[in-house]
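Got chain E sorted already, so can you dock chain R onto it with the hints?
For reference, the chains in residue letters:
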Amino acid sequence: MTGAAIEISNLTVRYGSVTAVHDVTLTVPRGSVYALLGRNGAGKSSLVRCLLGQRQPDGGSIRAFGEDVWTRRASLMQRIGVVSEEADAPPEMTVDQIARFCSRLYARWDQREVDARLDRFEVPPRTKFGALSKGQKKQALLALALAISPDLLVLDDPTLGLDVVARKSLFEEVIAELADRGITVFLTTHDLAGIETLADRVAIMKNGVLVVEEELDALKARFRRIRFAAQPDAVSETYPLSLEDIFISVTEGAQR
Amino acid sequence: MNNTLAIAQREITDRRFVFVAAGAFLLLALVVPFVPGVRSGERTAALVVGSLALALNFTLGLAAILGSSIVGRELSDGRLSFYFSKPVAATSIWWGKLTAALVLIVACFTIVALPAFVVGSTTAVRRWVNTPEEMLTTASMVIGGAIALFLVAHVLGTFVRSRSVWFLFDFVAASVCGVAVWMMGRILLLGFAIELAKALAIVVAVLVAIAVIAAGAWQIARGRTDRRRSHMELSRFLWAAIGVGLLVISGYVMWVVAVPVSQLTNPEFLQASSGSWSMITGEARNRGDYRASFLYNLNDRRSLRLTGVNPWNFQFSRHGTTSAWMTRTGLSFVRLDVPKPEPTLTRVTGGSIIALSDDGSRAAVSGDDVVAVYDLRSQASLGSIRVAQWRHAQFISRDVLRVYSGASIVEYDVRTKTLRNIDPSNARRLAGTWPLRDGRLLAVENRETASVLRLLKSDGSPIREIVLPEPRVRWTRVTESLNGIVSVVLTQHTVVVDINRGVILRQEPRMLCQAGSVGPNELCLWQQRLVIWNPATGEKRPVS
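Residue numbers (this note's numbering), protein chains in the order written: chain E, 23 to 278; chain R, 7 to 550.
Calculated from the structure, these hints are not laboratory results.
Check each hint, because a few of them may be wrong.
To be verified - Straight line, CA to CA, 25 Å or less: simulated SDA-like cross-link-like pairs of lysine to any residue:
1. R/K346 x R/D381
2. E/K150 x R/A27
3. E/K150 x R/N9
4. R/K346 x R/S309
5. E/K150 x E/D137
6. E/K150 x R/K546
7. E/K242 x E/E274
8. E/K190 x E/D137
9. E/K150 x R/R235
10. E/K156 x R/D381
11. E/K150 x R/L442
12. E/K150 x R/R21
13. E/K150 x R/V24
14. E/K150 x E/Q133
15. R/K346 x R/P317
16. E/K150 x R/T10
17. E/K228 x E/V187
18. E/K150 x R/G84
19. E/K150 x R/R85
20. E/K150 x R/S82
21. E/K150 x R/A12
22. E/K156 x R/G84
23. R/K463 x R/L442
24. E/K156 x E/P146
25. E/K156 x R/R85
26. E/K228 x E/R244
27. E/K156 x R/S82
28. E/K150 x R/V26
29. E/K150 x R/S309
30. R/K546 x R/M517
31. E/K228 x E/T47
32. E/K150 x E/G183
33. E/K228 x E/H44
34. E/K150 x R/F25
Excised from the complex, chain E in its bound form (with noise of 0.2 Å):
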């Protein structure tokens, strides 16, 4: 496969007077792990919500797999898994009913792989939904994602709510193994140690402007810190930044 899985231009969001989202452009390469970065409020969600075709940008386009998202939203999502921010499956409604109803919606559908993965993630199928845990809904609505063998895994902060094995789960054994197999991967996260070695590229947004949107090893190439020498007559050093600090010092400072 060649090309971009999503290719981002101009895009503009506003909320009334407020701008949530201004001009951003961005492309994200296929088979790569791509993490979007930003505080509270920075315009991610607005973005994704753009980019899953749930919202219309009022400025810019977004293509996945190379057709508009707004207008091509219903065929697009026979690719793209989504794990939401907002655990917003029916609470009334059994894990096991919530996958028989997507079972018919989408022409690839493994329901061995949801049981499979429900079990690894130790998820009760038969409770309903709204009385999981906050863990135990994204875990679920993970294993339904996947269910379709995806092209495009959209994870709206997939971290939220869980406890450090399943953040640990979801990383290392999840996202690893899907970029293994080519698949391309669109995340949002407040968990930056865990993305640290997984993401290919990553980008940050900043009040609703991307400062940051490059390669992870360019960007920590770029940010080093110098350790200077304790003897006069001994000669300083750089070390690189964690991506922690390089996010801390893009958000609240001024890029470097």
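Positioned in the frame of chain E, the structure of chain R alone reads:
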């Protein structure tokens, strides 16, 4: 289609608890006949009434709750994204939700109303469920009302939950549409177009229902998970659709109201006994039962469109200088001896106008056994009398009103405020006569061999008789001109009679004229067409 059904099924599953509630209401209905106070002979009727009442309340309540929550609540709770992250079209989401709501409404009504439908045929309870047709009608009405309520609740639910400033736009748009509907209804009802108004009300209701359903689909397709944008799209589509629909309907109403006088079919008309003005009213093809009314000048063919005029509540003054009529909004009059006659609406209200003075300055208005005299220019009451069952009235002078009631004739002088009884012994004999301006009376009488026109003195004693050309007259109208000439409209002829000389001046077979003014023109119905007839020459010209 498959996705629509899948969503409908999911929505029903999600709300399956309403079936349990419907079952509980069913049990409640079954308990009603055994409530203390219900006699054993009334138990079936109590079951039917209880079941229907509970079904009505449950169904309407369910419709309101479903309407306000099925989209609006999911939007505000941020749960509509569940569907939008799936490969389903927005229309499937809307139709699926709509289908589910309809199924829930119909199913729950059927469950709760089941006892009424099962035992309804065995009891007579206001003819609601005695026959299958009545059951169908009752069910249609309740379910139709519930669907209407569901749609209204959906719109209001979206509006209220969005907490958007678009609510102000909605308020203005709803007000404008409401005023437009009210104005259209008013203008039609003023033209007595009750059936047309009913038909258009149904058209408007269907239009609004279709607009809400289509707007819902548009709202989901364009607004998706954004509750404010959802509100905006719903508002834009809904008010645009209703606005366009109302524009088309108002265009039709304007066309109906703008009917020209020449297109009236089976018109009724009145002609002033002097002068050239007449009042024409009638319906027209493709315009329902709307009755257009005109003041029409027979000489120069000027016309003045009137609203809300009932020909039975309309008077010309004897001199032909004024006409007046009573509508629901009040008494109106128009001076006809001016270059541009303009109607004037007065503050005078009442049942009907029964007489105008010769010069048109005063009007007698009746209502609730009271006849009052008003001065039209000042709109002041000059006095009133209590008269039971008045039959006819006329001003015999500017100040004196003569009123013919069922049992007597009285004359009321508004200047002295005195009431004078005319010889009551003649009252019975005078019943069925037509009073002339000078106090003499005219009567048409059928005899074995011929019908005659009898001229009587005011006390009923005979002056002369004139034999009419029809042997049996079923319908007569007599109008007096200023110079002792009367038109007598018979069943098949209009004859012009000189009552002082006792001769028939002219007769026109198969022509019905109304007026008594002999020349130069009379308004007549001839071969189902309105024509302007010149009695002197016999010339007939179509009204245009």
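Here is how each hint holds up against the structure:
Proposed proximity of R/K346 and R/D381 is supported: the alpha carbons are some 22 Å apart, at most 25 Å. At most 25 Å may separate the alpha-carbon atoms for a hinted pair to count; E/K150 and R/A27 meet this at roughly 21 Å. Between E/K150 and R/N9, the direct Cα distance comes to roughly 23 Å. Compliance with the 25 Å bound is thereby established for this hinted pair. Restraint check for R/K346 and R/S309: the C-alpha separation of about 10 Å stays at or below 25 Å, so the hint holds.
As the CA atoms of E/K150 and E/D137 are separated by approximately 16 Å, the hinted pair is consistent with the 25 Å bound. Restraint check for E/K150 and R/K546: not satisfied, since their Cα atoms lie roughly 88 Å apart, outside the 25 Å limit. Distance hint between E/K242 and E/E274 is fulfilled; the C-alpha atoms sit about 17 Å from each other, no more than 25 Å. Using a Cα cut-off of 25 Å, the hinted pair E/K190 and E/D137 holds, with the two alpha carbons roughly 20 Å apart.
About 31 Å separates the Cα atoms of E/K150 and R/R235, which puts this hinted pair outside 25 Å; it is violated. Proximity of E/K156 to R/D381 is assessed by CA-CA distance (about 84 Å); at most 25 Å being required, the pair is judged violated. Proposed proximity of E/K150 and R/L442 is contradicted: the alpha carbons are some 93 Å apart, above 25 Å. With a CA separation close to 14 Å, the supplied pair E/K150 and R/R21 stays within the 25 Å bound.
Of the pairs offered as hints, the one joining E/K150 and R/V24 holds, with about 18 Å between alpha carbons and a cut-off of 25 Å not exceeded. Simply put, E/K150 and E/Q133 have alpha-carbon atoms about 18 Å apart, close enough for the 25 Å limit, and the pair holds. As the CA atoms of R/K346 and R/P317 are separated by approximately 22 Å, the hinted pair is consistent with the 25 Å bound. Between E/K150 and R/T10, the direct Cα distance comes to roughly 23 Å. Compliance with the 25 Å bound is thereby established for this hinted pair.
A distance of roughly 30 Å separates the Cα atoms of E/K228 and E/V187; the hinted pair therefore is violated under the 25 Å criterion. Simply put, E/K150 and R/G84 have alpha-carbon atoms about 18 Å apart, close enough for the 25 Å limit, and the pair holds. For the hint pairing E/K150 with R/R85, the CA-to-CA distance comes to about 16 Å; that is within 25 Å, so the pair holds. At most 25 Å may separate the alpha-carbon atoms for a hinted pair to count; E/K150 and R/S82 meet this at roughly 21 Å.
In summary, the hint linking E/K150 to R/A12 is supported, as the alpha carbons are separated by about 19 Å, within the 25 Å threshold. Distance hint between E/K156 and R/G84 is fulfilled; the C-alpha atoms sit about 16 Å from each other, no more than 25 Å. A C-alpha spacing of about 10 Å is found between R/K463 and R/L442, which places the hinted pair at or below 25 Å, so the restraint holds. Only pairs whose Cα atoms come within 25 Å are accepted, and E/K156 paired with E/P146 is accepted, the gap being roughly 13 Å.
Between E/K156 and R/R85 the alpha-carbon distance is near 15 Å, which keeps this suggested pair within the 25 Å criterion. Distance hint between E/K228 and E/R244 is fulfilled; the C-alpha atoms sit about 19 Å from each other, no more than 25 Å. Among the hinted pairs, E/K156 with R/S82 is consistent with the structure: their alpha-carbon atoms are about 20 Å apart, no more than 25 Å. In summary, the hint linking E/K150 to R/V26 is supported, as the alpha carbons are separated by about 19 Å, within the 25 Å threshold.
Among the hinted pairs, E/K150 with R/S309 is inconsistent with the structure: their alpha-carbon atoms are about 77 Å apart, more than 25 Å. Proposed proximity of R/K546 and R/M517 is supported: the alpha carbons are some 11 Å apart, at most 25 Å. Only pairs whose Cα atoms come within 25 Å are accepted, and E/K228 paired with E/T47 is accepted, the gap being roughly 14 Å. Distance restraint check for E/K150 and E/G183: the Cα-Cα separation of roughly 18 Å lies within the 25 Å cut-off, and the hinted pair is therefore satisfied.
Pair hint E/K228 plus E/H44 holds up; C-alpha atoms about 10 Å apart against a cutoff of 25 Å. With a C-alpha separation of about 19 Å, the suggested pairing of E/K150 with R/F25 holds against the 25 Å cut-off.
Hint compliance for this structure: hints 6, 9, 10, 11, 17, 29 are broken, all remaining hints hold.
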